[in-house]
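**Q** For the sequence shown, our numbering gives the first residue as 1, with consecutive numbering after it.
Keep in mind that the hints were calculated from the coordinates and are not lab data. Any given hint might turn out to be false.
Stated by the list, open to error - Subject to a maximum C-alpha distance of 16 Å in a straight line, what follows is the list of computed EDC-like cross-link-like pairs (lysine to aspartate or glutamate):
| id | residue 1 | residue 2 |
| --- | --- | --- |
| 1 | K203 | D246 |
| 2 | K199 | E175 |
| 3 | K12 | E29 |
These numbers come from a predicted model, not from an experiment.
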Amino acid sequence: MHAELPDLILRKGADRRLRAGHLWVFSNEVDTERSPLSAFSAGDPVVVRGTDGRVLGSAYVEPNALICARLYAPNQMVAPDAGLFSNSLGAALEARQQFFDAPFYRLVYGDSDLLPGLVVDRFGDYLVCQFNNAGIERYQAQVIDALVSQLSPEGVLLRSDSRNRREQGLEDRIETVFGDVPAAVPLEENGVRFEAPVKGGQKTGWFYDHRLNRARLQAFSRGARVLDVYSYIGGWGIQAAAAGADSVICVDSSQAALDAVAGNAALNGVGDQVSCEQGRADAVMQALAAAGEQFDIVVLDPPAFVQRRKDLKKGIAAYRRINELGLRLLRPGGLLVAGSCSMHMPRLELNAALQGAARRSACELRIVEQGGQGPDHPIHPAIPETEYLKAVFARRMN
1 MHAELPDLIL
11 RKGADRRLRA
21 GHLWVFSNEV
31 DTERSPLSAF
41 SAGDPVVVRG
51 TDGRVLGSAY
61 VEPNALICAR
71 LYAPNQMVAP
81 DAGLFSNSLG
91 AALEARQQFF
101 DAPFYRLVYG
111 DSDLLPGLVV
121 DRFGDYLVCQ
131 FNNAGIERYQ
141 AQVIDALVSQ
151 LSPEGVLLRS
161 DSRNRREQGL
171 EDRIETVFGD
181 VPAAVPLEEN
191 GVRFEAPVKG
201 GQKTGWFYDH
211 RLNRARLQAF
221 SRGARVLDVY
231 SYIGGWGIQA
241 AAAGADSVIC
251 VDSSQAALDA
261 VAGNAALNGV
271 GDQVSCEQGR
281 ADAVMQALAA
291 AGEQFDIVVL
301 DPPAFVQRRK
311 DLKKGIAAYR
321 RINELGLRLL
331 RPGGLLVAGS
341 CSMHMPRLEL
351 NAALQGAARR
361 SACELRIVEQ
371 GGQGPDHPIH
381 PAIPETEYLK
391 AVFARRMN
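Using the sequences provided together with the hints, build the complete structure.
**A** Here it is in structure tokens:
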């Protein structure tokens, strides 16, 4: 399918990254004399060309953003119409069905599914969507129509309230755009059931990305005393309890999240094994340490401490600090599970932060496993920004 699209022409040499497979165009890479960005509106489709006229792909433009164009069809001239979205969503669905038997997964992961700026999480008969930039938002109606046509959901919810949107001056939008969506929807992960608060919870209501890492935690959990810090609604802790942990304490600053923990524990028949502590993570861990508490497993899965590259130094210190607190609560021979969802935090830096925490705690660690995001968050090999999740399983030696 060819389309007549206006040209976005790059400067000499600026095409190398795209020829290698990347999908982003930065504003300083555009030959603004030949194709001024001011001539475009957010979401305008363009064909991106090298200075020699070679077609690099079709993209939609965000003229006022640092990433001023995002390719949705590399090496092709294709209009962003109903057929395109139907084909891209169909390919994303086929990929998920290859890996998952049950309909609980991230259906669309932005650039990796050639739908830049779009996130769709599937909760059985319900879909939760995030339109994270002005470009994809322009095509919201076509995307929703394609989702409804292919999946026949009971309801589709918009959770377009991300930090990325606000940085672009876009308004938050939380609304049901098809059918009906309850405040909390059921899901199953690794054989454990949950109710995810899709309307009032974090992001889309659930974090599918740590699925494989939580499955690994189950393998270590039988008979263990577990501390789950930054627990949210209990994704780690309740799976540990369901796998046979003797006891689990979930820690979160949100009482609403901990109320959901209690409900999810009851849903799986592990209410007697799971308790909750509301408060700031560092304060609760300090109080537990002062009380002489010790655990067999400590899980630390904080929010992103490194939102931007310039925050890296401060973020490394934050990761070191919380893991130092965690190690104070971990018995010798116990397992520390350290997570990071900071894209700008390299795995080597996370490992170094753990080593710093161990040194300050006068103990030694050995990394026994390292995990990342699951197959519903596929990594584009030419786009390192699509790889963000880290999980380190480390044994305290002494």
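**Q** For the pair we were handed, K203 and D246, check the Cα-Cα distance against 16 Å.
**A** Distance ~31 Å between K203 and D246 Cα, so the pair is violated.
**Q** For the pair we were handed, K199 and E175, check the Cα-Cα distance against 16 Å.
**A** holds (8 Å)
**Q** Could you grab the alpha-carbon distance between K12 and E29 and see if it respects the 16 Å cut-off?
**A** Roughly 8 Å between the alpha carbons, so the hint for K12 and E29 holds.
The structure does not agree with numbered hint 1 stated previously, though it agrees with all others.
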